[in-house]
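A.B. asks: The residues making up each chain are set out below.
Number of protein chains: 2
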Amino acid sequence: VTSPQNPPTRPAEKPVGVPVTNRQVLLRARPVGLPRAEDFELVERGLEDLSLGEVRVRARYISLDPAMRGWMNARRSYIRPVEVGGVMRAAAIGQVVLSRHHQFHIGDTVVGMLGVQELGVAPGDQLLKVDPSVAPLPTLLGALGGNGLTAYFGLLDVGCPEPGETVLVSAAAGGVGSVVGQIARIVGCRVVGIAGGASKCRHLIEDLGFDAAIDHKAPKHGDMRRAIEDACPDGVHVYFDNVGGDILDAALGQLAVGARVVICGAISQYNAEGRVAGPSNYLNLMVKRARMEGFLTFDYQDRYAEGAAQLAAWLAAGQLVTREHIVIGIERFHDALMLLFSGDKLGKLALEV
Amino acid sequence: VTSPQNPPTRPAEKPVGVPVTNRQVLLRARPVGLPRAEDFELVERGLEDLSLGEVRVRARYISLDPAMRGWMNARRSYIRPVEVGGVMRAAAIGQVVLSRHHQFHIGDTVVGMLGVQELGVAPGDQLLKVDPSVAPLPTLLGALGGNGLTAYFGLLDVGCPEPGETVLVSAAAGGVGSVVGQIARIVGCRVVGIAGGASKCRHLIEDLGFDAAIDHKAPKHGDMRRAIEDACPDGVHVYFDNVGGDILDAALGQLAVGARVVICGAISQYNAEGRVAGPSNYLNLMVKRARMEGFLTFDYQDRYAEGAAQLAAWLAAGQLVTREHIVIGIERFHDALMLLFSGDKLGKLALEV
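Line by line, the protein sequences are chains A and B.
Using the numbering used here, count along the first sequence one by one with no gaps and you end on 359.
Using the numbering used here, count along the second sequence one by one with no gaps and you end on 359.
Don't take each hint at face value.
DEER-style ranges, computed between Cβ atoms [said to hold, decoys possible]:
hint, chain 1, residue 1, chain 2, residue 2, range
1, A, Arg81, B, Asp137, 52 to 58 angstroms
2, A, Pro239, B, Asp305, 19 to 25 angstroms
3, B, Ala315, A, Asn277, 51 to 57 angstroms
4, A, Glu47, B, Gly170, 21 to 27 angstroms
5, A, Gly39, B, Glu337, 54 to 60 angstroms
Far from chain B by the CB rule (all over 10 angstroms, computed), these chain A residues [unchecked claim]:
hint, residue
6, Glu54
7, Asp114
8, Met119
9, Glu168
10, Asp255
11, Pro285
12, Ala296
13, Gln325
14, Glu330
15, Val333
16, Glu358
Which chain B residues face chain A? A few, computed with CB under 10 angstroms, are given here [to be verified]:
hint, residue
17, Tyr84
18, Gln275
19, Arg281
20, Asn287
21, Lys294
These are calculated hints, taken from the structure and not from any lab test.
All C-beta atoms in this analysis are idealised placements derived from N, C-alpha and C, irrespective of residue type, glycine included.
Model the full assembly from the supplied sequences, consistent with the hints where possible.
C.D. replies: Here is the structure:
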């Protein structure tokens with residue numbers, strides 16, 4: 007029997023808070039299709055010295071995001087691929103344990119691209135200091151962190167929703183989608199979410215205040231197109247897409263004149279071994295004089311503070327409800343990653359270290 | 007032997023300019039795939055009386071446009087379908103022969119949606135009076151008419167090209183594409199055209215002043231993607247798409263950051279019997295923070311005068327070069343229509359009545 011005071015992987019004789027080794031998840035092979043456990047390897051290594059300006063962070067929660075699947079591929083997209091043999095890239099939140107940057111001190115809580123490892127190192131200017139009294143750490147990592155900022159800038163700056171318009175969002179019970187829908191509700195839009203399963207759909211309406219929800223595993227009339235038409239009688243003014251594939255296609259078929267389609271992700275396509283399925287209904291962009299536009303959150307870096315402050319204010323006012331699904335143990339990285347693709351989780355998915 | 011003075015279809019005893027019957031091309035059946043000759047029927051009918059506000063126009067040139075293929079389908083898009091048994095819809099230019107609208111007089115030259123017929127009738131408020139001294143009638147119908155306005159608003163208002171940017175246009179030797187490329191050149195862009203065949207490509211560079219041309223029937227390296235990459239070393243800032251399909255997909259793969267993709271048409275897909283091919287590379291909109299946007303020229307009706315005046319000024323200044331491909335005889339409507347899809351023509355395609 008092990009107790010929290012004496013966990014099996016961290017012998018008690020090592021001083022708490024000053025680890026001397028680091029467990030890391032490496033990318034061992036580039037996945038083909040759905041990532042397999044063998045594509046990753048958990049290793050334990052000694053620590054390297056910090057360079058000037060660098061900060062060492064003990065990760066508490068590691069973010070699991072669909073974009074990680076793209077980073078595993080050889081092809082450069084907006085960021086270089088993770089190297090085979092390198093630490094898997096991920097965002098994380100944790101506390102500073104060593105700093106060679108004058109703005110960071112031991113004990114500071116920070117968020118950054120620290121990788122899937124217990125002890126990440128990053129230049130201080132790539133870390134964001136956060137206030138742990140504002141919300142629990144998983145919320146600071148999710149709804150008030152990368153996911154929330156993605157929702158905030160993607161919906162408001164790219165989707166440009168107006169009060170009274172209908173906003174449709176896919177993966178609506180996920181880390182990004184749940185915040186998108188709630189911001190749209192705060193803006194004064196009619197909000198329709200697409201999620202997989204009846205319990206997620208209930209959550210959207212009962213907990214998050216969506217106006218309607220579509221279960222893509224069992225759409226009304228057995229038909230996504232008709233289900234969207236039913237739920238969006240005035241057409242879709244803003245569609246925030248996290249999934250791609252058939253759902254994107256169905257949504258494109260129901261656009262209102264002048265609609266905006268925000269391309270945030272395409273989780274249904276990330277494990278495709280052939281070509282990505284292109285949206286057959288894209289010509290509706292012409293018929294409806296609509297636009298489809300992609301964005302990357304990190305283009306808004308100089309406005310992160312604005313977004314984070316607004317999200318925190320909504321959270322404090324009870325207007326923003328968050329859910330986190332936590333998987334415990336860095337050794338369960340692959341299991342947790344699979345939950346992203348199976349959808350067997352609710353809200354923001356994170357790994358507790 | 008027949009002479010122009012005594013054509014077989016117009017007996018000499020009828021007074022010239024005051025026809026009493028009207029030859030019309032009717033849509034007989036909705037085409038499946040490529041339209042067949044049997045899908046249309048040429049009939050001769052008597053004239054109906056005009057209602058108040060209507061104008062009768064003797065068509066001189068009838069415009070042939072890819073959009074006509076969509077109007078033949080049963081499904082409503084941005085405009086109601088042509089009825090089976092009804093006159094095929096088309097734009098035309100001609101002279102007023104009878105008017106019950108106070109702003110139109112016999113002899114006025116007008117452009118409007120007059121249908122594929124010798125004598126079209128339209129409400130005066132749907133006709134545009136044009137000055138026949140500005141350019142030959144086919145040019146007034148094409149580069150200074152609907153095609154030119156489509157190019158003008160689509161490129162400038164949707165594509166938003168900036169001097170120094172690279173503008174790529176497909177169907178670049180066609181009625182719309184040739185004007186798009188020349189406006190882009192006037193704006194100060196690097197202009198690359200995609201067209202089918204070496205002679206069209208030569209025309210783009212030698213006659214229209216494009217910077218480069220890609221023959222999609224024989225692209226450099228045998229690969230559209232690489233051919234576009236070669237011709238657009240800084241990436242594509244504006245892609246004006248008239249064709250859809252593989253060419254759209256290849257262009258999406260070469261976007262510059264912040265690119266604008268203008269969806270004007272998709273002639274490669276209009277005769278598809280299955281689903282339209284969606285662009286597999288649409289996720290590059292996210293990677294490149296780019297947008298893809300559709301438009302319809304008639305949304306810009308209140309700015310037609312502005313566009314037409316600017317196009318006429320460029321033509322007068324020698325900055326805009328136009329080509330028209332004329333097929334003579336309303337009875338050759340189907341033959342002419344086929345040239346749109348085979349591409350065996352250069353510039354604006356019109357039927358001389």
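A.B. asks: Report holds if the minimum CB distance from A/Ala296 to chain B is greater than 10 angstroms, and violated otherwise.
C.D. replies: Answer for A/Ala296: violated, closest chain B Cβ roughly 6 angstroms.
A.B. asks: Using the nearest Cβ pair, does B/Gln275 come within less than 10 angstroms of chain A?
C.D. replies: With a closest approach of 7 angstroms, the B/Gln275 hint holds.
A.B. asks: Range hint 52 to 58 angstroms: satisfied by the CB atoms of A/Arg81 and B/Asp137?
C.D. replies: Given a distance of about 55 angstroms, which is inside 52 to 58 angstroms, the answer is holds.
A.B. asks: Return the status of the interface hint for B/Asn287: holds when the least beta-carbon distance to chain A is below 10 angstroms, violated otherwise.
C.D. replies: Check passed: Cβ of B/Asn287 comes within 7 angstroms of chain A, closer than 10 angstroms.
A.B. asks: Using 10 angstroms as the Cβ threshold, decide whether B/Tyr84 counts as touching chain A.
C.D. replies: Constraint on B/Tyr84 satisfied, holds at 5 angstroms.
A.B. asks: For A/Glu54, which was marked as not at the interface, is the minimum beta-carbon distance to chain B over 10 angstroms?
C.D. replies: holds (32 angstroms)
A.B. asks: Since A/Val333 was said not to touch the interface, does its Cβ keep a gap of more than 10 angstroms from each Cβ of chain B?
C.D. replies: Answer for A/Val333: holds, closest chain B Cβ roughly 27 angstroms.
A.B. asks: With 10 angstroms as the threshold, tell me whether A/Gln325 passes as away from chain B on beta-carbon distances.
C.D. replies: holds (28 angstroms)
A.B. asks: Quick check on a hinted range of 19 to 25 angstroms for A/Pro239 and B/Asp305, using CB atoms only.
C.D. replies: holds (24 angstroms)
A.B. asks: Can we trust that A/Asp255 is non-interface, i.e. its beta-carbon lies farther than 10 angstroms from all of chain B?
C.D. replies: For A/Asp255, whose nearest Cβ neighbour in chain B is about 7 angstroms away, the distance does not exceed 10 angstroms, so it is violated.
A.B. asks: Mind verifying the non-interface call on A/Pro285? Its CB should be farther than 10 angstroms from each CB in chain B.
C.D. replies: violated (4 angstroms)
A.B. asks: Do the Cβ positions of B/Ala315 and A/Asn277 conform to the proposed distance bound of 51 to 57 angstroms?
C.D. replies: holds (54 angstroms)
The structure is inconsistent with the numbered hints 4, 10, 11 and 12, although it conforms to all the rest.
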